[in-house]
Every structure is written in structure tokens, then in C-alpha cells.
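Protein chains in written order, with the working numbering: chain A, 300 to 589; chain B, 23 to 342; chain C, 16 to 256; chain D, 2 to 420.
Because the hints were derived from the structure by calculation, they are not lab data.
Glycine included, every Cβ here is placed at the ideal spot set by N, Cα and C.
Treat the hints with care, since some could be wrong.
Within a straight-line C-alpha distance of at most 25 Å, the following computed DMTMM-like cross-link-like pairs (lysine to aspartate or glutamate) qualify [stated by the list, open to error]:
1. 356/D <-> 125/D
2. 389/D <-> 357/A
3. 391/A <-> 217/B
4. 171/D <-> 210/D
5. 307/D <-> 421/A
6. 201/C <-> 18/C
7. 332/B <-> 156/C
8. 432/A <-> 392/D
9. 420/D <-> 210/D
10. 105/C <-> 217/B
11. 259/D <-> 408/D
12. 206/D <-> 304/A
13. 152/C <-> 216/B
14. 105/C <-> 151/C
Which chain D residues face chain A? A few, computed with CB under 7 Å, are given here [what the hints assert, rightly or not]:
15. 214
16. 222
17. 226
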Amino acid sequence: MFSFELFINALVAGLLLGGFYAAFSLGLSLSFGLLDVVNIAHPAFIIFGSYLTFYVNENFGVDPILAGLLFAVPFYFLGVAVYRIYYNVFEKTGAESLRGLVFFFGIFFLIEVLLIITFGVDYRLVRAPYIGKTFHIGSLGVAWRLFVPFLVGTALTIGLYQFLSKTFFGKAVMGVAQDSLAVRLMGADPIRIKTIAFGIGIATATLAGSLLIIIGPVEPAIGREYIGRVFAITVLGGLGSMSGVFLAALIIGVAESFTASFIGPSWALAVSFGILLICLAVRPAGLFGR
Amino acid sequence: MKSKGHLLHIAVALAVVLVAFLITNSMENRYYYKASYVVLQYVVLATAWNILGGYTGYVNFGTAAFFAMGSYTAVALIKLWKPPLYVLLVAGGAVSGLLGLGIGYLTLRLRGVFFSIATLALAVVLQMFMTNWEFVGGGAGTAILKPRSVPFFSNYDEFLFFVMASLAVAAVFVAWLIENSWVGRGMAAIRDNEEAAECMGVPILKLKLFATTVSGAMMGIAGAPFSYFVVFIEPSSAFHLDYAVNSLAMPMVGGTTTWLGPLIGAVLVGTAQQIATVTLSAEMNLLIVGSLLVGFVVFAPEGLVGLFRKLRGRAMGRSA
Amino acid sequence: MAEKLLEIRNVTKRFGGFHALTDVSLHVEKNERFGLIGPNGSGKTTLINCISGALRNEGGSILFAGTEIGAMPAYRRTRLGIARSFQIPKPFTSMTLLENLCIPLEYTAHAKSHGADVASEAMEILDQIGLADRADKLPADLTQIDMRKLELARAMAAKPQLLISDEAMAGLSANEVDGILEILFKLNEGGITIIMIEHIMRAVMSFSERIVVLDAGEKIAEGTPDEVVNNKEVERAYLGE
Amino acid sequence: MQKIRMASRVWMVALLAVWMVVSFGAPAAHAAKPLKIGFSMALTGGLAAAGKAALLAMQIWAEDVNKKGGLLGRKVELVYYDDQTKPANVPGIYAKMLDVDKVDFVVSGYGTNLIVPALPIVMERNMVFMTLFGLAANAKFKYPNYFQIMPSGPSPKTDWSRGFFEIAKKQSPKPRTIALLSADAEFARNAVAGARANAKKYGLKIVYDKTYPPGTPDFTPVVRAIKAANPDMVYIGSYPPGSVGITKAVREVGLNAKMFGGGMVGLQFTAIQMNLGPMLNNIVNYHFWVPEKTLNFPGVNAFLKKYQAKAPGAKLDPLGYYLPPFAYAYVQILGQAIEATKGFDQQKIADYIRKNTHSTVVGKVKFGKNGEWANSRALMVQFQGITKSGDINQFNKAGVMPVLYPDSVKSGKIQYPFK
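Take these sequences, add in the hints, and give me the full structure.
In C-alpha cells:
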């Protein structure tokens with residue numbers, strides 16, 4: 300059953316999937332890795348983004364990617380609001396560890412319920428000209444449906460990376476991650492910086508959501524399937540490293556793709572979780588961590 | 023003073039069990055047994071969760087995994103030789119207890135949040151294994167025939183109710199014992215400040231492993247009779263996220279620092295859910311749990327027990 | 016020659032590429048009042064973390080009363096007789112002051128007989144340190160100085176042979192500093208060896224019999240307070256070149 | 002201090018006990034008049050889309066009956082609770098309906114997982130039990146008063162996919178190899194297990210046989226692996242997200258197989274059909290009811306008209322071909338049996354249902370072994386001539402999904418091989 304063609308196609312499919320996973324995990328890496336806010340509800344925000352994308356695509360024929368970009372703005376403010384609550388209730392009082400986790404777990408649940416109440420439990424899909432078409436390079440077939448998310452995921456990674464390492468604000472975010480006292484001495488308000496950074500993390504969720512619904516149908520509870528996966532990628536990538544997340548996403552994508560191609564898809568998810576558990580036990584700083 | 027307290031509690035516990043037994047001999051309506059069974063099951067789960075989450079400060083998102091492993095251990099044994107129920111309880115508790123020990127050993131040296139993430143992953147991985155294990159039904163699930171009759175009880179539902187009532191009493195009693203012992207005080211020190219606790223001589227790793235093991239075992243025991251209760255078991259319902267959400271929300275609502283908190287939370291939220299199931303729509307049911315969870319975490323972090331204390335403190339302050 | 020209670024031989028600790036401690040050797044004698052000073056980031060806290068067990072040293076060895084303790088978990092070192100206070104107080108927030116003290120009493124002083132009645136003992140210590148009237152309060156209700164006292168009281172409750180006091184006086188007024196010093200002198204008279212880490216020079220100099228100076232992870236000076244004050248290396252480390 | 006705490010705890014425990022008793026014990030008022038039919042239904046959770054459609058169909062039936070004056074003069078009242086697609090909720094719901102609401106009859110919820118947990122309590126009381134879409138749910142219990150409406154047939158697991166193999170047998174060149182892919186869940190696993198048995202029976206070589214977990218985002222690696230195995234036929238047992246993902250991946254990767262489809266849940270749903278559009282062409286898949294002349298049973302069009310009028314408002318499948326007629330039929334049979342036996346005796350009604358052939362909106366129904374249909378009528382249909390996506394009017398007429406099997410209701414010819 301092993302053939303070179305299958306191998307190369309599995310590799311490419313895995314890489315494409317990985318690019319999408321990167322888009323899915325970047326926001327979490329930003330909040331969890333850099334800001335130490337364990338936003339377990341991140342996948343739910345993504346599904347929320349998927350539904351908004353679906354809504355404008357279905358009713359106004361807006362391209363899903365464009366929709367994702369449009370909703371990034373309101374999502375940014377949503378993120379700001381959530382962080383404000385989180386900060387005032389938990390971080391300020393130093394009670395974030397246990398209750399903060401539970402808080403986000405509750406948010407996760409609430410988003411899911413609100414989606415069910417508004418949209419029902421049916422699977423939703425979007426239409427776009429590139430869905431269902433393939434281009435070929437030799438024996439390699441690449442589906443646009445997966446290639447587009449890969450491109451967007453890559454662009455998002457590069458964008459965030461540049462933003463964090465080149466701009467003043469980005470450096471301030473990295474500064475907060477390492478030592479918020481130093482940032483305060485620099486004259487910046489760490490809480491404001493964290494608020495904005497968290498907002499950006501949530502803003503990426505809508506784009507990830509539109510990618511998700513481009514790839515396949517979405518229902519309100521589907522976010523659950525992704526919780527473990529995004530944490531696997533975030534931890535594996537070394538908390539807070541955008542390039543690390545991207546590489547980790549590619550690794551998980553390829554691992555899943557190879558498992559699906561050569562062993563059987565039923566073990567694909569087990570492989571990524573296996574990687575996570577081993578990583579937690581052996582090298583919790585992640586493969587690319589400091 | 024101390025031994026007197028113990029005696030009183032043991033007496034109360036036995037009395038509750040006795041009342042449960044008497045109820046089964048005087049009431050016929052099956053629905054109350056079934057509904058109470060579910061509520062009592064949540065008393066066990068919430069109490070178990072709280073031993074690790076509330077006392078020690080480690081959030082377990084994988085209650086469903088421990089619960090389901092108890093159920094599946096029982097299913098495997100039922101398929102093999104149909105042992106009596108107490109064997110299932112012991113075996114389910116042992117398997118889930120070992121699971122707790124293992125996952126604790128893997129991740130408890132790390133920051134608490136990694137433990138939480140690992141429990142999340144654990145539930146998915148185990149569900150996958152059960153889905154692929156054909157002997158216990160695999161992804162297709164399997165029907166379990168419950169025994170037709172059982173001595174002292176007029177039907178099996180009443181018997182299961184009685185068993186679960188006894189387990190709930192036992193669970194709360196164990197929680198009370200832990201809370202009021204040196205072990206519980208050490209756990210509280212870990213929850214408050216792990217580094218300081220260790221520097222004050224508290225063997226933190228040992229205590230945390232003890233907590234994950236006991237908590238896991240109790241969840242496994244709660245899961246063991248589950249297959250007899252539903253008579254049909256398949257992975258997606260045994261590993262349902264609801265178990266994780268509820269067992270976490272209930273102590274949050276009741277209060278996490280005492281044995282009373284999860285008990286109150288489980289009875290109130292569990293009963294409310296049972297009522298909502300037969301009156302409101304399920305969306306509302308979920309909405310209620312979610313809002314309660316967020317609401318209590320934000321506005322009443324000490325839960326109902328904390329609110330109650332605060333109110334009484336205020337009243338006493340006024341009278342004094 | 017006095018008996019060596021703590022002996023540190025060639026201890027090294029790295030964080031990634033950063034050398035926090037390089038080849039540090041020192042010893043503390045029984046019943047000594049020992050000062051450890053150095054500029055910010057010189058490795059003082061890293062060193063006491065290695066002694067108390069919060070961190071593991073990579074090279075060298077740490078001996079306490081002749082026993083190698085470098086591989087022991089922190090709680091066992093505490094039970095051997097090493098107790099510490101934290102620079103930033105870390106009380107058990109959900110417990111009253113009395114209960115705070117019961118933890119070390121129960122887990123260290125009476126580790127072999129769990130469940131002994133430790134409340135009266137805890138009360139005695141609170142009384143000694145002047146917190147007895149607040150025994151039922153929660154740490155959140157305490158003032159800065161009382162918080163420091165609680166930190167020391169809790170360390171005392173572990174009934175240590177060696178007490179490490181990590182900047183117990185930072186941010187206190189002159190009067191309050193004297194109060195803490197008085198407590199520490201009293202403890203030392205009671206037979207407890209004390210390592211003091213402090214930025215308030217007045218306090219260290221008046222308290223310590225012997226001082227070791229760290230800079231950039233290395234030991235640069237050792238001697239009596241007078242010797243250290245007049246040491247050129249020390250002057251350079253503190254004032255820069 | 003300690004003592005006060007103790008006392009307040011005892012109080013709180015006592016209060017809790019009272020709350021439990023009061024809340025469960027609240028007496029349910031019930032009038033004796035109406036005929037109550039109780040059931041649990043998945044109105045939320047994974048099967049909610051189907052459950053809600055089924056409920057609407059049953060409500061239409063109740064309206065129809067009540068318009069004619071009810072059953073034996075008693076108005077029909079449906080008593081139902083949401084089981085949230087959770088088997089654990091089912092025992093409690095049936096106990097409540099029987100012991101508290103005192104319903105006269107119970108029927109099942111939708112799907113095997115939610116039927117089985119209700120069986121023991123129904124069996125204990127020897128009630129008649131009409132059920133909706135259980136796959137061999139009674140195989141273990143062998144309860145004689147159990148009747149299942151899905152037309153899978155006397156040996157449900159293999160009858161289910163037999164059509165797929167019967168069609169293949171007649172083609173030339175005749176397929177020799179087959180690939181099997183199944184979702185990791187109840188129905189799909191059983192359907193593929195049946196297909197596996199059939200493959201052996203029909204002498205096909207199985208060259209690929211795997212399962213995939215829910216939450217698989219991308220199926221291209223799987224489809225490529227299948228393609229690499231080069232099977233002549235591909236039989237899929239999948240749920241809606243997988244069905245869509247697999248169909249898209251197949252169109253993107255291309256497949257050399259001559260027949261593709263089988264047990265893909267979701268391709269029957271209008272929303273998904275509209276989205277996939279021409280990608281569906283040539284897929285041979287199971288179905289229960291399509292608007293072909295051969296399936297135009299008395300009453301079915303009148304029913305669908307009522308259904309389609311109400312479906313958009315309830316956010317349900319606008320056409321309702323797949324499940325709703327059967328949800329109507331299973332209570333229809335119960336109603337007919339009550340009228341025919343002129344009474345409410347459970348055993349008499351069960352005997353009547355077992356012995357007679359029933360004329361329903363889904364045709365003539367006769368039950369056989371284990372309460373399954375005596376003869377299988379699991380349809381195999383093929384999507385043909387779909388030209389664009391997003392257009393509902395392509396799917397509501399004859400000829401788009403001609404029935405290829407069984408021969409008794411066959412209405413079109415296969416386009417072979419799969420393209």
C-alpha cells in the first residue's frame with residue numbers, strides 16, 4: 300500500500316492541514332503562552348466566527364475569508380471585553396489559576412448554547428468558488444479548499460510574528476510575557492497591553508472560524524473536538540512562540556495525515572494527543588520552547 | 023471531642039443509608055428512583071472532583087474519562103463473567119484510581135494548568151480506545167442486560183438507587199474525613215501556595231497523587247453501575263462532556279472548600295436539571311448550567327456555602 | 016573550630032544559557048549569624064532556592080549536618096531542619112494565622128505523629144512574635160509588618176536548626192526593622208542558626224557575624240562585616256566601575 | 002464557632018432533602034380524557050435535526066387523528082421530553098411518563114442509542130412498543146411486542162446494504178474488490194459490519210477497511226489511501242460532517258472506483274444536497290423515501306404538503322423526504338391498531354400489529370422477526386443530472402434520485418461507472 304505518490308500527497312495534505320491548525324492555535328498561543336491567560340474557550344470563539352461567516356455567506360453571498368476579516372474587528376472588542384472581566388474578577392485578586400480556568404470553561408459552554416439557540420444544531424456550510432476544485436503539480440493534487448486555509452494560516456503567522464518582533468507594541472507584549480515590572484518601568488501599562496493582545500488573539504478566532512467552515516461543515520458543539528488539538532499544538536510549539544506554533548501545527552498536521560493514510564484515520568487524533576501527553580511528561584517547555 | 027464528632031457523623035451517615043433503604047420498601051414510583059439516581063450520582067462525582075479541585079486546587083476537566091473507565095471496566099467484567107455489583111464497584115474504582123495515579127504522576131510536577139490540559143486530552147484518547155475496543159461494543163455500543171431480580175428489593179431500579187445513595191453517603195463521608203484530617207490541611211496548604219507548602223514540610227507530590235487517585239477512584243465507582251442504569255453503553259454518551267461540566271459546576275455553585283459545597287451544588291443543580299429535562303427545553307438546561315457556572319465563579323467565588331457564611335457573619339455582626 | 020551545619024561545595028546553576036551560580040562554595044557554622052549579600056540578580060535567591068529545595072543545583076554538593084541533600088525534595092529538607100521565609104510573603108490565604116502555623120507544626124515538627132494537638136504550640140509561637148491577638152484573622156487582614164512576622168513565625172513553627180530569612184525587612188520602617196532584628200536575635204540565642212539575606216545594610220552589618228558577597232553568580236568576598244565593607248571587589252560590585 | 006457551623010450544616014442538609022422531595026414529588030395534574038402517547042425525542046444534541054423533524058411529523062399525525070375525532074373518541078395528546086441525544090436521560094424519562102404522567106402508550110425516540118435504554122422498562126410492563134429507526138436494537142432483547150419502522154428488513158445489518166451489492170453484481174465489468182470506511186459510531190459501524198458480511202457473501206475482496214473518528218477535519222489523506230488501494234467499489238458508513246468531507250475529498254482527489262456511496266448519512270438532507278450540488282452526481286446511496294412514482298403511497302403527498310408548510314418556520318429540513326414519513330407511519334400504525342382492536346389492551350394491540358399488514362404513508366408494512374420489517378425495503382438511489390448547487394428545486398421532483406433497488410419499487414437505471 301505504500302507508494303511514493305501516496306507518501307508525497309499525504310505529506311502535502313498534512314502540511315496544508317497544519318497551516319490551518321496554525322491559524323486555529325495562534326490566538327491561544329498569544330493568550331495562553333504570552334499573557335498567561337488560559338483561554339480554554341478559544342475554540343468556541345472560533346466556532347462563533349464560523350457561524351457569523353456562515354450567516355453573511357448564506358444571506359449576502361460574502362466570501363468566507365472576507366467575512367472572517369470583517370468580523371475580526373468586533374471580535375477584537377469582544378476579546379477586550381472578556382479580558383476586562385477576567386482581569387477585574389480574577390487576575391487583580393490573584394485568583395486566576397483555578398477560577399479563571401472554570402470561567403473560560405463556562406464561557407465555552409455559553410457560546411455553544413447560544414449558537415444552538417440561534418442557529419439550531421444542524422451542520423452549516425458555506426459556498427465559495429474555490430471549494431471543490433483542485434490543481435495539480437505532476438502527480439500531486441492540491442485541493443483549493445485546503446490550500447486557501449493554508450495560505451491564510453501562513454500569512455497570519457507571518458503577520459503576527461512580524462508584529463510581535465518588529466513593532467513597539469509587539470515588543471511590549473513580549474515584554475509583558477517576560478517581566479511585567481520591566482514594562483511598567485518603561486512607562487507602559489501592562490494591563491492595557493495585555494488587553495489589546497488578548498483582543499488580537501480573539502480577533503484571529505473569526506478568521507480561523509471562516510477557515511474551519513471552508514474546510515468542512517460546522518455544528519455548535521464541534522469546538523470540543525478541537526480543544527485538545529489546539530492545546531497540543533500550543534504546548535508543543537513552546538508557549539508564546541508564533542514560529543514554534545506554526546511548526547508544531549505542521550508536525551501535528553503531518554502526523555495526523557500520515558496516520559490517516561498509512562495506519563487508519565481512527566488513530567489520527569490519538570497520535571496528536573499522544574504527542575501532547577509525551578510532551579507534557581518529557582518536555583513541558585515544548586519542542587521549540589526556551 | 024474528636025472521636026465524638028466521628029461517631030456522630032458515622033451515625034448520621036448510617037441513618038441516611040437506612041432511610042434510603044426504607045424508602046425503597048415503601049415507595050413504588052419508578053421515576054423518583056431514576057431521577058434520584060442521577061442526582062446522587064452527581065453527588066459522588068462532584069464530591070470526588072472537589073477532593074482534587076476544591077481541596078487541592080487542581081482542575082480536572084476529565085471527569086468523564088474517569089467515570090467512563092469505571093463504566094467500561096464494569097462492562098468488560100459483565101461480558102466476561104457477570105460478577106456481582108460490588109465486584110464491579112471495586113474494579114471500576116481500582117481502574118480509575120490507577121488512571122488518576124498515572125496521569126497525576128505524568129503531569130503533577132508541572133504547573134496546574136498542564137494537568138488540566140492533560141485531563142482534557144486523556145478523555146479524548148480513552149474515548150478513542152473504547153471506540154476501537156470491540157469487546158466492549160466499540161463505537162457501535164452494546165446493550166447490557168441487567169439482572170432480573172435482587173434480594174431485599176422489589177426491582178433492580180430500587181436496588182441501584184439504594185446503591186447509589188450509599189455511595190453518595192460514603193463519598194461525602196470520605197470527603198469529610200479528608201477535610202478534617204492532616205491530609206486535608208496539607209491539601210489546603212498546597213491549594214493556597216504550593217511552594218510555601220513544600221517549604222513547610224508538606225510532601226506535595228505524595229498528597230497530590232493521593233488526591234488524584236482517590237478522586238479518580240470515586241469517579242470510577244460512580245461509573246461502575248452506569249451500564250446497568252442505561253442498559254446501553256456507547257463511548258460518546260459514557261464520555262459525555264456533561265459529566266465534566268456538571269462535576270465542576272456543582273462544587274462551584276455550592277462552594278469548593280468544604281464537603282458541604284459539592285453536596286449542596288449537586289443536589290440543587292442536579293435536581294434543577296432533572297426538572298428542566300421534563301419541563302424546559304434542553305437548550306435552556308444547558309444555558310442554566312453555563313450561566314450558573316460563570317455567574318458563581320464571577321460573583322460568588324465561595325459558592326452558596328460562602329454566601330451563607332457571609333450573610334450569617336453580617337447578621338451576627340449586627341446583633342453583637 | 017565550630018561545627019559546620021551547612022556546607023556548599025562548588026554549586027552551579029544555569030537557566031538555559033544564563034549562569035545564575037558558578038562554582039559557589041561556602042559554609043555556615045552551627046549557631047552562626049550569617050549574612051548573604053549582593054546586588055540585584057547576583058544569585059542570592061537562586062542559592063537559597065537551591066538550599067531549600069525549590070531548585071536543584073546542577074554541579075557541586077550541598078551538605079546539611081553532614082548529609083548530602085542536593086537531591087532531596089524540599090519537604091524532606093525542611094524536616095531535616097531547614098526552614099525559610101519568602102521575600103514576597105506566601106501565606107496560606109484561606110487559613111487563619113493559627114492554622115497557618117499548624118501546617119509546619121503538623122508536617123515538620125510532629126511529622127511522625129500526625130494529628131497531635133498543635134494548636135496550643137502554634138499559639139505559643141504567635142505569642143512570642145506578637146501576633147497572638149490576631150490568631151483568628153486571615154492573612155489578607157494583616158498589615159505589611161504583621162505579614163512579615165507571620166512569615167517568620169511560620170518558619171519558626173517548623174522548629175528548624177537553620178532559618179533562612181529572605182529579605183524579611185524590605186519596605187519596613189526603621190522601627191519595624193529593629194523589631195524584626197530583635198526577633199531574629201532572640202531566635203539565635205535559642206540555638207537556631209540564621210542566614211540573613213538583606214538589602215538593608217544597617218541590618219545585615221549589625222546582625223551578621225560573618226558575611227558572604229555574591230556578584231553575577233560568583234562569590235567575590237567573605238569575612239566579618241568590617242572586612243567586607245572594606246573589600247574593593249565589593250565596592251566595585253555595588254557601585255559599578 | 003465550630004459548633005455553630007456544625008448545626009448550620011445539619012440544617013442545610015435537611016433543607017436539601019426537603020427540596021429534593023418537594024421538587025420530585027410535585028403532583029402532576031392529569032385529566033383522564035385524552036389518550037396520552039409518550040416518548041422521548043432528541044430535540045437537542047447530535048440527533049436533534051432528525052428528532053425535531055420526527056416530532057413535527059408526529060404532531061401532524063396527532064392533528065390528523067384529532068380532526069377526525071381522535072382514537073375511539075379520545076383525543077390524542079403527545080407527551081414528550083427532550084432526551085438531549087443522551088441515552089442516560091432515557092430511563093428517567095420513560096419512568097416519569099409511565100409513573101407520573103400516566104401515559105397510555107409509549108413509542109420510542111429516534112435512533113438505536115435512545116431506543117435501547119427505554120426497552121427494559123417497557124418490557125417489564127409488557128407494553129406495545131413502536132420504535133423509530135433502531136438498527137437491530139431488539140436483537141439482544143427479543144421482545145415480542147417491539148415493532149421497528151425503518152424498512153431495513155429481517156436481518157437489518159446485512160439487508161441494509163444488500164442493494165448496493167445486488168446492483169454491483171449486475172454490472173459489467175463486474176466489480177471484484179471493495180473498500181470500506183466507517184465513522185466510529187453506532188449506526189455507521191453496524192452498517193459497515195453488514196457491508197463487510199455482504200462483501201464476503203458476494204465474493205468481493207476487501208482491499209481497505211478502516212474507521213475514522215468524529216472531528217476529522219480533512220478526508221483527503223483517507224481518500225488517497227483508498228484510491229491507492231484501487232478498489233472497484235467503495236462503501237462508506239458516515240455521518241453528515243464526514244459525508245460532506247468525504248464527498249468533497251473524492252471530487253478533489255478523484256477515484257477510480259466504479260461505484261461509490263452506500264451508507265452515507267446526510268446526503269439525504271436538503272441543505273447538504275444544495276451545498277454539494279453536482280458533486281453528488283453518480284453517488285449510489287441509501288434512502289428511505291424519494292419523490293419517485295413507485296413510492297407514491299396513499300397519503301404521503303398530503304402529509305408532505307403539511308410538513309413542508311411548517312418546516313421552514315421550525316428551521317427543519319424543507320423537503321422532509323428522509324425520516325418524516327416514517328415518523329408519521331409508526332404512530333399511524335399504533336393508531337390503526339387501536340381502532341382495529343377497539344380497545345386499549347396492550348397485548349391485543351401488539352398481537353394485531355404482529356399479525357396484520359398495515360397500510361401507511363410509507364406503503365404496506367408487515368412486521369416479522371424481532372419486530373423488523375418482514376421484507377427489506379432499504380432503498381438504493383443514485384443522484385443523477387444535478388447541474389448546480391444552491392437550488393432547492395432540483396431535488397423536489399422525480400428523476401433526480403431514481404430508485405435502483407429493490408426491484409419492487411425500482412424507478413430508474415444506474416449510470417455506471419462512477420464518474
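Quick rundown of the hints versus the structure:
At most 25 Å may separate the alpha-carbon atoms for a hinted pair to count; residue 356/D and residue 125/D meet this at roughly 22 Å. Between residue 389/D and residue 357/A, the direct Cα distance comes to roughly 16 Å. Compliance with the 25 Å bound is thereby established for this hinted pair. Restraint check for residue 391/A and residue 217/B: satisfied, since their Cα atoms lie roughly 21 Å apart, inside the 25 Å limit. Pair hint residue 171/D plus residue 210/D holds up; C-alpha atoms about 24 Å apart against a cutoff of 25 Å.
For the hint linking residue 307/D to residue 421/A, the alpha-carbon distance of about 22 Å falls within 25 Å, and the restraint holds. Of the pairs offered as hints, the one joining residue 201/C and residue 18/C holds, with about 21 Å between alpha carbons and a cut-off of 25 Å not exceeded. Between residue 332/B and residue 156/C the alpha-carbon distance is near 16 Å, which keeps this suggested pair within the 25 Å criterion. At roughly 20 Å between alpha-carbon atoms, residue 432/A and residue 392/D fall within 25 Å of each other, so this suggested pair holds.
Of the pairs offered as hints, the one joining residue 420/D and residue 210/D holds, with about 22 Å between alpha carbons and a cut-off of 25 Å not exceeded. Taking the CA atoms of residue 105/C and residue 217/B, the gap is near 8 Å; set against the 25 Å cutoff, the hint holds. Distance check on the hinted pair: residue 259/D and residue 408/D sit about 21 Å apart at the alpha-carbon level, within 25 Å; holds. Using a Cα cut-off of 25 Å, the hinted pair residue 206/D and residue 304/A holds, with the two alpha carbons roughly 24 Å apart.
Annotation: proposed proximity of residue 152/C to residue 216/B holds, straight-line Cα distance about 21 Å (limit 25 Å). Proposed proximity of residue 105/C and residue 151/C is supported: the alpha carbons are some 18 Å apart, at most 25 Å. Using the Cβ-Cβ criterion of 7 Å, the hint placing residue 214/D at the interface with chain A is satisfied: the shortest such distance is roughly 5 Å. Hint on residue 222/D holds. Least Cβ distance to chain A is approximately 4 Å, under the 7 Å limit.
Nearest Cβ of chain A to the Cβ of residue 226/D: about 5 Å, under the 7 Å cut. The hint holds.
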